[in-house]
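First residue of the sequence shown? That's 83 in the numbering used here, and the numbers climb one at a time after it.
Because the hints were derived from the structure by calculation, they are not lab data.
The reader is advised that the hints may include incorrect statements.
Here are the simulated DSSO-like pairs of lysine-lysine, each with C-alpha atoms no more than 30 Å apart in a straight line [claimed, not checked]:
| # | residue 1 | residue 2 |
| --- | --- | --- |
| 1 | K179 | K121 |
| 2 | K179 | K224 |
| 3 | K209 | K84 |
| 4 | K84 | K224 |
| 5 | K209 | K191 |
| 6 | K148 | K135 |
Label pairs and their in silico Cβ distance ranges [unchecked claim]:
| # | residue 1 | residue 2 | range |
| --- | --- | --- | --- |
| 7 | P153 | Q124 | 29 to 39 Å |
| 8 | S163 | K209 | 15 to 25 Å |
| 9 | N208 | K148 | 33 to 43 Å |
| 10 | I213 | M144 | 10 to 20 Å |
| 11 | I180 | K224 | 18 to 28 Å |
Fair warning: this is a prediction, and the values are worked out from it, not measured in the lab.
Idealized CB from N, CA, C, for every residue including glycine.
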Amino acid sequence: MKNFRLRRTSLMSAEDIFNISVDVANFHQVLPKYFQSLKIIQDNKHEKIVLEKISFLGFSAMVKTKHVILPPNLHHVYILSGPLKGSFFLESYNPLKIGTEIIIDVHLKFFGFFSGFNFLNVYIANKMHQIMNEFITSVETKINKKTND
């Protein structure tokens with residue numbers, strides 16, 4: 083299993099960026115390049131089981147995930163099927179004086195085709211950091227646009 087930490091800051095409040103991150107039903111609108119569709123198949127108070135059509139590293143796949151949402155600042159995502167089955171992401175959204183520190187602890191477990199390519203670890207970590215940057219840019223741009231309208 084490959085473990086690494088992603089860390090970024092956003093100018094948005096912890097509450098706002100957390101709420102966008104855990105809005106699973108609409109998350110494909112935030113990052114449509116990577117999340118093509120999301121279908122919630124089970125929805126409890128703090129837990130959702132989701133079928134996700136994702137695109138990553140040039141591959142598209144349907145995966146089942148479990149999202150555990152623990153307000154006000156924790157979001158855990160567990161991959162239940164697909165080539166990364168057994169992987170999980172532990173997200174925390176921590177308020178700063180101005181903005182929010184976002185930390186994602188990534189625990190990747192590779193199966194099938196990906197399991198033989200250990201050199202992909204660094205590439206995948208860099209790509210996930212890029213996606214995190216795109217997420218923050220996307221939500222900050224949308225919030226600023228709404229504020230200016």
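Evaluation of the provided hints:
no.: 1; hint: K179 x K121; in the structure: violated (36 Å)
no.: 2; hint: K179 x K224; in the structure: holds (22 Å)
no.: 3; hint: K209 x K84; in the structure: holds (14 Å)
no.: 4; hint: K84 x K224; in the structure: violated (33 Å)
no.: 5; hint: K209 x K191; in the structure: holds (16 Å)
no.: 6; hint: K148 x K135; in the structure: holds (14 Å)
no.: 7; hint: P153 x Q124: 29 to 39 Å; in the structure: violated (19 Å)
no.: 8; hint: S163 x K209: 15 to 25 Å; in the structure: holds (21 Å)
no.: 9; hint: N208 x K148: 33 to 43 Å; in the structure: violated (26 Å)
no.: 10; hint: I213 x M144: 10 to 20 Å; in the structure: holds (19 Å)
no.: 11; hint: I180 x K224: 18 to 28 Å; in the structure: holds (19 Å)
The structure fails to meet hints 1, 4, 7 and 9 from the earlier list, while all remaining hints are met.
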